[in-house]
Amino acid sequence: MKALILAAGRGSRMQELTQEKPKCLVELHKKPLLLYQIEALKNAGIDDIGIVVGYARECLESYIKHFNLHSIINPQWADSNMIYSLYCAKEWLMDSDRVVVSYSDIFYSVAAIDSLLKSKDDIGILYSTQWRKLWELRFDEPLLDAESFKQSDGVLREIGLKAQNLDEIQGQYMGLLSFSLQGLRTLFSLSENLPKTTDSTTLLNTLLKNGQKIACMHYSGIWGECDNKDDLNLYKSLFTPSDLETLTQKPTLKG
1 MKALILAAGR GSRMQELTQE KPKCLVELHK KPLLLYQIEA LKNAGIDDIG
51 IVVGYARECL ESYIKHFNLH SIINPQWADS NMIYSLYCAK EWLMDSDRVV
101 VSYSDIFYSV AAIDSLLKSK DDIGILYSTQ WRKLWELRFD EPLLDAESFK
151 QSDGVLREIG LKAQNLDEIQ GQYMGLLSFS LQGLRTLFSL SENLPKTTDS
201 TTLLNTLLKN GQKIACMHYS GIWGECDNKD DLNLYKSLFT PSDLETLTQK
251 PTLKG
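For the sequence shown, full-length UniProt numbering begins at 1 and goes up steadily by one.
Source of the hints: derived by calculation from the structure; they are not laboratory data.
Heads up, a few of these hints could be off.
[Stated by the list, open to error] Each computed PhoX-like pair below joins lysine-lysine, with the alpha-carbon atoms no more than 25 Å apart:
id : residue 1 : residue 2
1  : Lys213    : Lys118
2  : Lys229    : Lys150
3  : Lys90     : Lys213
4  : Lys120    : Lys250
5  : Lys150    : Lys118
6  : Lys21     : Lys31
7  : Lys30     : Lys162
8  : Lys21     : Lys42
9  : Lys90     : Lys196
10 : Lys21     : Lys120
11 : Lys250    : Lys118
12 : Lys236    : Lys21
13 : Lys150    : Lys90
14 : Lys213    : Lys229
15 : Lys133    : Lys65
16 : Lys118    : Lys90
17 : Lys65     : Lys30
18 : Lys31     : Lys65
19 : Lys118    : Lys162
20 : Lys133    : Lys229
21 : Lys42     : Lys250
[Claimed, not checked] Okay, the calculated beta carbon distance ranges per label pair:
id : residue 1 : residue 2 : range
22 : Gln182    : Glu16     : 30 to 36 Å
23 : Gly221    : Asp79     : 33 to 39 Å
24 : Gln15     : Ser62     : 32 to 38 Å
25 : Phe67     : Asp97     : 34 to 40 Å
26 : Glu136    : Gln182    : 28 to 34 Å
As the structure is a prediction and not an experimental result, all values here were calculated from the model.
In this text, a Cβ means the ideal position worked out from N, Cα and C, and glycines have one as well.
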């Protein structure tokens, strides 16, 4: 099994925090977001981790060496999106039976990865059932940012469209996906006809329209998406350093 962290972008909404380093190295409680992701993935049992780099990639060299990450360069990071970063990693990905793909501006728990991997379907995503409380803290009007998310019986029905009301949002896609080898083949076959600027929800909706089943695994624990400095300040107020350290550690069995 492999995991791929998509870290090619700058994250300009972080303003001066990403003036000289990529968004994944922005710190939450004095710890880069990237480290939260690496720890959660490794403690979930995934040691073969790749990272797609682009903007300010020299800043990531020490992390790549220390954690023995497989580095993949997206030379068109400035004018491409998730789909092109995946394409850049195609050769590395295609010799694994299962791949977890992670955004690099999020933090999550070992339990989140465990939940995602409960699905053995060709394509699966993780979604938060507790999104509304968090979105009300992040945004004055949650509907202005939140997108539609509809599922039934653990299968995705719609994602990424403009939501007209809260009933159209059954959860929040968390930026964590899983693919079998066949799922990757389907993804790359479809992506040949899509612009390199295609984002993840557009990609998922396109897969749905082409008849691809996408499994949805729910998660109710702690996670966060870091789009800007306000998000960082919010999470610092919500979670202590200890909360986040515990998040990425392997659960201990109680005797």
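Tested hints:
no., hint, verdict
1, Lys213 to Lys118, "holds, 16 Å"
2, Lys229 to Lys150, "violated, 30 Å"
3, Lys90 to Lys213, "holds, 21 Å"
4, Lys120 to Lys250, "holds, 22 Å"
5, Lys150 to Lys118, "holds, 20 Å"
6, Lys21 to Lys31, "holds, 14 Å"
7, Lys30 to Lys162, "violated, 35 Å"
8, Lys21 to Lys42, "holds, 24 Å"
9, Lys90 to Lys196, "holds, 14 Å"
10, Lys21 to Lys120, "violated, 36 Å"
11, Lys250 to Lys118, "holds, 17 Å"
12, Lys236 to Lys21, "holds, 21 Å"
13, Lys150 to Lys90, "violated, 29 Å"
14, Lys213 to Lys229, "violated, 36 Å"
15, Lys133 to Lys65, "violated, 38 Å"
16, Lys118 to Lys90, "holds, 24 Å"
17, Lys65 to Lys30, "holds, 21 Å"
18, Lys31 to Lys65, "holds, 18 Å"
19, Lys118 to Lys162, "violated, 29 Å"
20, Lys133 to Lys229, "holds, 19 Å"
21, Lys42 to Lys250, "holds, 9 Å"
22, Gln182 to Glu16: 30 to 36 Å, "violated, 44 Å"
23, Gly221 to Asp79: 33 to 39 Å, "holds, 35 Å"
24, Gln15 to Ser62: 32 to 38 Å, "violated, 24 Å"
25, Phe67 to Asp97: 34 to 40 Å, "violated, 22 Å"
26, Glu136 to Gln182: 28 to 34 Å, "violated, 39 Å"
Hints 2, 7, 10, 13, 14, 15, 19, 22, 24, 25, 26, counting from the list given before, are not met by this structure.
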